[in-house]
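Chains as they are written, first to last, in this note's numbering: chain G, 315 to 579; chain Y, 7 to 608; chain R, 283 to 613.
Misleading hints may appear alongside valid ones.
To be verified - Think about it this way: if two alpha-carbon atoms lie no more than 20 angstroms apart in a straight line, the pair counts; the simulated SDA-like pairs of lysine to any residue are:
| no. | chain 1 | residue 1 | chain 2 | residue 2 |
| --- | --- | --- | --- | --- |
| 1 | Y | K452 | G | R502 |
| 2 | Y | K457 | G | L492 |
| 3 | Y | K457 | G | G445 |
| 4 | Y | K452 | G | L492 |
| 5 | R | K287 | R | D587 |
| 6 | R | K330 | G | P531 |
| 7 | R | K515 | R | Y590 |
| 8 | G | K320 | R | P431 |
| 9 | R | K515 | Y | R596 |
| 10 | Y | K152 | Y | H183 |
| 11 | R | K330 | R | L310 |
| 12 | Y | K131 | Y | I99 |
| 13 | R | K330 | G | G445 |
| 14 | Y | K452 | G | E479 |
| 15 | Y | K452 | G | R471 |
| 16 | R | K515 | Y | T218 |
| 17 | Y | K452 | G | P489 |
| 18 | R | K330 | R | V373 |
| 19 | Y | K294 | Y | K452 |
| 20 | Y | K452 | G | G445 |
| 21 | Y | K131 | R | V373 |
| 22 | Y | K576 | Y | T218 |
| 23 | R | K515 | Y | H183 |
| 24 | Y | K452 | G | R487 |
| 25 | Y | K155 | R | P508 |
| 26 | Y | K155 | Y | N202 |
| 27 | Y | K131 | R | P524 |
| 28 | Y | K294 | Y | N589 |
| 29 | Y | K294 | Y | R596 |
Hints are computed from structural coordinates only; laboratory data are not their basis.
Here the structure is a predicted model, which means the values were calculated and not measured.
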Amino acid sequence: MTNLRKPGFVLGLIIIALAIVASLAPQLLATHDPFESVATDRLLPPSAQYLFGTDNLGRDLYSRVIYGAALSLLSASLAVVVGVVVGAVVGLISGFVGGRTDFIIMRFVDVLIAVPGVLLALIVVASLGFGPVSLALGVGLGAAGSFARVMRSQVLRIRSEEYVEAARTLGVRSPAILVQHVLPNAARPVIAMAALELGTAILSVSALTFLGFGAPPPAPEWGALVSAGRDYVATNPGLSIIPGAVILVVVLAVNRVARSIGGDE
Amino acid sequence: MIEHGSGAKVGSGANAVDEHTTEVDDNILVVRDLHVSYATRSGSVAAVRGISFVVPRGKIVAIVGESGSGKSTTSQALIRRLASGGRIDSGSIEFEGRDLGPMSERELRSIRGGRIGFVPQDPSKSLNPLMRVGDQIAEALRLHLKLSKAEAATEAVRILAEVGLPDPDARATQFPHELSGGMRQRVLIGIAWACNPQLVIADEPTSALDVTVQRHVLDNIDELVRRHNTSVVLVTHDLAVAADRADYVAVMSNGEIVEQGTTEQVLSAPTHEYTKKLVESAPGLASKRLTPSLTVLGEQQQSSAGKLFTHTRPAQPAGSSTASGAVAASAASSGADAAEATNILEVSNLVKTFALRRQGGGSQVLRAVDDVSFVVPRGSTFSIVGESGSGKTTTARIAARIASADSGTVSFDGTDVTSLSGEALRQLRRRVQVVYQNPFGSLDPKMSIEKIIAEPLRAFRVGDRTHRAEVARELLEHVSLSPTLAQRRPTELSGGQRQRVAIARSLAIGPELIVLDEPVSALDVSVQEQILQLLVDLQVQFGLSYLFISHDLGVIRQISDHIAVMRSGKVLEAGTAHDVMSNPQHEYTRELLEAIPGQRAK
Amino acid sequence: MTQVKAWAGYLLPKLGQFLFVVVATYTLVFVLVHFLPGDPLIAALAAKGGASTVIDPAELDALRVQYGLDGSLWQQYFGHLIAAAQGDLGVSISTGVPVTEMIARAFPFSVQIASLALLFGVTSAVLITFLAYAAPWPWLRQLLLQIPPFGIAVPAFLSGLLLISVFAFSLGWLPSAGARSFDAAILPAITLALPVGALFFQVFSSAVLEAQNSPYVFTAVAKGVPPRRIFTKHLLRNAMLPSITILGLLIGYLAGGTAVVETVFSRDGIGRMTVNAVLARDINVIQGVVLLVGAIYALVNLLVDVAYGFIDPRTRIGGGIPSRARLGAKK
Numbered sequence: 315m316t317n318l319r320k321p322g323f324v325l326g327l328i329i330i331a332l333a334i335v336a337s338l339a340p341q342l343l344a345t346h347d348p349f350e351s352v353a354t355d356r357l358l359p360p361s362a363q364y365l366f367g368t369d370n371l372g373r374d375l376y377s378r379v380i381y382g383a384a385l386s387l388l389s390a391s392l393a394v395v396v397g398v399v400v401g402a403v404v405g406l407i408s409g410f411v412g413g414r415t416d417f418i419i420m421r422f423v424d425v426l427i428a429v430p431g432v433l434l435a436l437i438v439v440a441s442l443g444f445g446p447v448s449l450a451l452g453v454g455l456g457a458a459g460s461f462a463r464v465m466r467s468q469v470l471r472i473r474s475e476e477y478v479e480a481a482r483t484l485g486v487r488s489p490a491i492l493v494q495h496v497l498p499n500a501a502r503p504v505i506a507m508a509a510l511e512l513g514t515a516i517l518s519v520s521a522l523t524f525l526g527f528g529a530p531p532p533a534p535e536w537g538a539l540v541s542a543g544r545d546y547v548a549t550n551p552g553l554s555i556i557p558g559a560v561i562l563v564v565v566l567a568v569n570r571v572a573r574s575i576g577g578d579e
Numbered sequence: 007m008i009e010h011g012s013g014a015k016v017g018s019g020a021n022a023v024d025e026h027t028t029e030v031d032d033n034i035l036v037v038r039d040l041h042v043s044y045a046t047r048s049g050s051v052a053a054v055r056g057i058s059f060v061v062p063r064g065k066i067v068a069i070v071g072e073s074g075s076g077k078s079t080t081s082q083a084l085i086r087r088l089a090s091g092g093r094i095d096s097g098s099i100e101f102e103g104r105d106l107g108p109m110s111e112r113e114l115r116s117i118r119g120g121r122i123g124f125v126p127q128d129p130s131k132s133l134n135p136l137m138r139v140g141d142q143i144a145e146a147l148r149l150h151l152k153l154s155k156a157e158a159a160t161e162a163v164r165i166l167a168e169v170g171l172p173d174p175d176a177r178a179t180q181f182p183h184e185l186s187g188g189m190r191q192r193v194l195i196g197i198a199w200a201c202n203p204q205l206v207i208a209d210e211p212t213s214a215l216d217v218t219v220q221r222h223v224l225d226n227i228d229e230l231v232r233r234h235n236t237s238v239v240l241v242t243h244d245l246a247v248a249a250d251r252a253d254y255v256a257v258m259s260n261g262e263i264v265e266q267g268t269t270e271q272v273l274s275a276p277t278h279e280y281t282k283k284l285v286e287s288a289p290g291l292a293s294k295r296l297t298p299s300l301t302v303l304g305e306q307q308q309s310s311a312g313k314l315f316t317h318t319r320p321a322q323p324a325g326s327s328t329a330s331g332a333v334a335a336s337a338a339s340s341g342a343d344a345a346e347a348t349n350i351l352e353v354s355n356l357v358k359t360f361a362l363r364r365q366g367g368g369s370q371v372l373r374a375v376d377d378v379s380f381v382v383p384r385g386s387t388f389s390i391v392g393e394s395g396s397g398k399t400t401t402a403r404i405a406a407r408i409a410s411a412d413s414g415t416v417s418f419d420g421t422d423v424t425s426l427s428g429e430a431l432r433q434l435r436r437r438v439q440v441v442y443q444n445p446f447g448s449l450d451p452k453m454s455i456e457k458i459i460a461e462p463l464r465a466f467r468v469g470d471r472t473h474r475a476e477v478a479r480e481l482l483e484h485v486s487l488s489p490t491l492a493q494r495r496p497t498e499l500s501g502g503q504r505q506r507v508a509i510a511r512s513l514a515i516g517p518e519l520i521v522l523d524e525p526v527s528a529l530d531v532s533v534q535e536q537i538l539q540l541l542v543d544l545q546v547q548f549g550l551s552y553l554f555i556s557h558d559l560g561v562i563r564q565i566s567d568h569i570a571v572m573r574s575g576k577v578l579e580a581g582t583a584h585d586v587m588s589n590p591q592h593e594y595t596r597e598l599l600e601a602i603p604g605q606r607a608k
Numbered sequence: 283m284t285q286v287k288a289w290a291g292y293l294l295p296k297l298g299q300f301l302f303v304v305v306a307t308y309t310l311v312f313v314l315v316h317f318l319p320g321d322p323l324i325a326a327l328a329a330k331g332g333a334s335t336v337i338d339p340a341e342l343d344a345l346r347v348q349y350g351l352d353g354s355l356w357q358q359y360f361g362h363l364i365a366a367a368q369g370d371l372g373v374s375i376s377t378g379v380p381v382t383e384m385i386a387r388a389f390p391f392s393v394q395i396a397s398l399a400l401l402f403g404v405t406s407a408v409l410i411t412f413l414a415y416a417a418p419w420p421w422l423r424q425l426l427l428q429i430p431p432f433g434i435a436v437p438a439f440l441s442g443l444l445l446i447s448v449f450a451f452s453l454g455w456l457p458s459a460g461a462r463s464f465d466a467a468i469l470p471a472i473t474l475a476l477p478v479g480a481l482f483f484q485v486f487s488s489a490v491l492e493a494q495n496s497p498y499v500f501t502a503v504a505k506g507v508p509p510r511r512i513f514t515k516h517l518l519r520n521a522m523l524p525s526i527t528i529l530g531l532l533i534g535y536l537a538g539g540t541a542v543v544e545t546v547f548s549r550d551g552i553g554r555m556t557v558n559a560v561l562a563r564d565i566n567v568i569q570g571v572v573l574l575v576g577a578i579y580a581l582v583n584l585l586v587d588v589a590y591g592f593i594d595p596r597t598r599i600g601g602g603i604p605s606r607a608r609l610g611a612k613k
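In isolation and in its complexed conformation, chain G is listed as follows (with noise of 0.2 angstroms):
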């Protein structure tokens, strides 16, 4: 892997292996109990003991965002699983049988990719009610539609390649070509779109919760977090800004690895 050599690279595969520490045992990084209110060290400045400062009701700040890793990413990974599934099944279908079904589904996808990401999860997200899950849904199902797009153009390319011509000549069947030539070379595209979105569904997700829908109040969800420090950006801008900075940090962190996986480099 000529990746490993590149330092942007090392510093992301750091940041989201610290991100996966995060949500799976964030015992291990935190250093306060997330939700525990001390009256007497409320909106405190970054400092040794506070790491990020602390909230308006006394609370750990870095502790919060250690805890709110979870609920952030696990949805955002949640969305692009549904995304991918439901995309890749669909495109590849579309690509690889053609013909009219292939015209009937793309319709579909065309409508899907009309209505704006954001917009869809709201719908999905008022229909069903608030919370990790319908957000992961409605994010999800928002992604799908490029993702189908992709799959298919993938499938598409493939297909008129000349080796894909040249199997059927040889005599191998149809779901011999797909498994053995058609999944082969798509995989790394897809796979490096999935990563990419990765950092769109957790700005996604994030955005969400900052408006609200996500989980209810006490829980750390960074974009809630965010929200929460709102009220004080003239006096304690740190407070929304610590929180944003991190999403910021790890999209990019996301974002760089998926690069790498899509060999931009």
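Fit chains Y and R to the known structure of chain G by using the hints.
Structure of chains Y and R alone, referenced to chain G:
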């Protein structure tokens, strides 16, 4: 006046240039010990390694080399515009006595297009698709000759007329996509000559064109050279083109000029090994029917029963399994006699039309294949020759049952296979295989060579995994590749090696007929001949019949027993290779034969 | 005459496509709203009055009629569709105001920041691309090319809050909230421009980069054309072709982005209205907004298609594609 740098590694031909230069002493361009390299991730790679040559005023100097020889890099270095990462490390390029190396970009710009013209390689991509062709010529005129808008437009039309475009007034207002490839190349030539430059660099100006068009375009360049007394650096992979057009030839290999001198010297008495090989293998120059190499003939007499993959052959129709060997032998000894044997493939009255949809409604029907009939005698090679758009590839695809015809029949070994489908069609693949033009596209980049070659065996459930691996290795040997390549990926192989893999794959299931669609046109000439020789050898070894498609009569001549000439979907002429080549009946066939470069060298 | 016919032949299918997308968007929203679990009206009333709201069935039926949620699904589907075609998008469940009216009131505010954002975003993307193209040093080029991936990764609420805390609170140059003055539109527009410009940049810069390595640019260089003219005459138009096709996509981004940005800047507009509608689970308003955005998206795509015909002679009306080119491509 020209002292070739002491370090310059020029062959003995360099003397010729020295002699010449002392005689005339009027060189428009003097290149001394030029080194060019490209920065890549794994360090710097030398592309041009110390070349020296001169271009006398009013003469054409050809730089000949195969892909990767550094010839295109050289042409780009001459106007100091290298692809990204490229840089001139040392040496000098003196144009009219001034070194271009230390010149400022601004100064260079006044030379580029003004005093040095450039004819690029690919006419389909070298014109701005969104700009009218007249404007693209006028742009150069306005920049260098400071003409007014109206003057430049008038002059552009005159130039279009000069480069031989019919109806230049109307053409000037058209966009590149409305012109044919040949016309676009004429426009590019017009741009190069627009400001009456002293020197024009032509980088493979005709390699993307059909052979008859190539001839007209090269004639046009000749004419411009004579009229304007321009000097030309003609970069080409085709020794025959150089032979026809150039006064001097420099042969490049691996970034060095291995031999240079007057065209006659280099072609008639090549001194360097590489040049000799190149001269021998150039198909246009001196091609004749290849004969199976002796080792193969000897092997043929021994039993080939020990070969693993011959077991995989399907049971052949009564009598044919013994017949095919005999026919193959006779076909090899004299191809013409093979017509008496049974025909492996008979194609009659094929018609294939395409509906071309036009913008804004309405459609036009194109008869891509128009009432085509021919037979391929067993054990022989039947070739279809034609230029782009002739319908030869479509015909071959129908014959191989990849595409279907609108009407007409294809019968294989006496059985009508025109409407086979599903499993029956798949079973036909055991007996008919295809080798494609592009060895980079026809092999799945994710598969190992072994898997690629064994794919037909797996598709037909022949043998187990270890057996298939053994067969693949054996096939690699048959196509003269080392079995150690078995675990490599196609991207790690050269073009010629890949095409050998594709041939090995087509042999795996033991077919009787192989359809070869331009199998060598993507390869360098020296590799072309090796592949053709391999095909000829395999034909005898395995009693194969070939349907061979090519645009190149030089290649066709080397391998065919029978030839059909196609144009606009129709077969104009068909017959034995000897008859068609030596006594062409149709006007177009004669034109094709005359257009083969390398006539002057004969 | 033939010209008219050619135009009709070109435009009619695209117009059909436009209508299809609008109707299909409506259908999609309808299906999602009515087939996902839960009764939209009860959810909305619960959101309005709290979880313990108890409504008597007769009153509920009356409310259903009032909000157009009565009758069979088919009746609702076609009834709403016909009403929508006539400009009637129903009545908001939470406020009781007609949705069309709400949209008409909020729309201009959103259009203001969205068009400003589009302008900022596209101009700076073209500018950065040109600077990177003309940069004499590779490091500067690399640095410039790093800006857009950054722009895509920044959450809009973060950039918005940062802008507020710097330009509104620390420097006091611009207002932090409101929608009444032009000043107040600047910070939200910049916030929105960031992801939109970055998205446009991705497509545009790679198109420029591709065009830059293309043979026709080599031809231009060999002609002696200076770099700035190469950029304007040869690169720009060619790179615009693939870039304008994503304009529709950008509209979608803008629509989603206004929800966050208008909330951050406490501005009136479609986005904030939608957020409030979702909080109140006011399905009629959401439906209306989505239909509006879908229609704008389809309209932009229609315009892009037509613009394409003007910019690219290869798709120009009446020109026709020479058969050779088509055939060659097929091979």
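Cross-check of the supplied hints:
no.: 1; hint: Y:K452 to G:R502; result: holds, 11 angstroms
no.: 2; hint: Y:K457 to G:L492; result: holds, 16 angstroms
no.: 3; hint: Y:K457 to G:G445; result: violated, 50 angstroms
no.: 4; hint: Y:K452 to G:L492; result: holds, 13 angstroms
no.: 5; hint: R:K287 to R:D587; result: holds, 18 angstroms
no.: 6; hint: R:K330 to G:P531; result: holds, 19 angstroms
no.: 7; hint: R:K515 to R:Y590; result: holds, 17 angstroms
no.: 8; hint: G:K320 to R:P431; result: holds, 17 angstroms
no.: 9; hint: R:K515 to Y:R596; result: violated, 45 angstroms
no.: 10; hint: Y:K152 to Y:H183; result: violated, 28 angstroms
no.: 11; hint: R:K330 to R:L310; result: violated, 26 angstroms
no.: 12; hint: Y:K131 to Y:I99; result: violated, 28 angstroms
no.: 13; hint: R:K330 to G:G445; result: holds, 18 angstroms
no.: 14; hint: Y:K452 to G:E479; result: holds, 16 angstroms
no.: 15; hint: Y:K452 to G:R471; result: holds, 15 angstroms
no.: 16; hint: R:K515 to Y:T218; result: violated, 34 angstroms
no.: 17; hint: Y:K452 to G:P489; result: holds, 17 angstroms
no.: 18; hint: R:K330 to R:V373; result: holds, 15 angstroms
no.: 19; hint: Y:K294 to Y:K452; result: violated, 39 angstroms
no.: 20; hint: Y:K452 to G:G445; result: violated, 43 angstroms
no.: 21; hint: Y:K131 to R:V373; result: violated, 57 angstroms
no.: 22; hint: Y:K576 to Y:T218; result: holds, 18 angstroms
no.: 23; hint: R:K515 to Y:H183; result: holds, 18 angstroms
no.: 24; hint: Y:K452 to G:R487; result: holds, 18 angstroms
no.: 25; hint: Y:K155 to R:P508; result: holds, 18 angstroms
no.: 26; hint: Y:K155 to Y:N202; result: holds, 18 angstroms
no.: 27; hint: Y:K131 to R:P524; result: holds, 17 angstroms
no.: 28; hint: Y:K294 to Y:N589; result: holds, 15 angstroms
no.: 29; hint: Y:K294 to Y:R596; result: holds, 18 angstroms
In summary, the numbered hints that this structure violates are 3, 9, 10, 11, 12, 16, 19, 20, 21.
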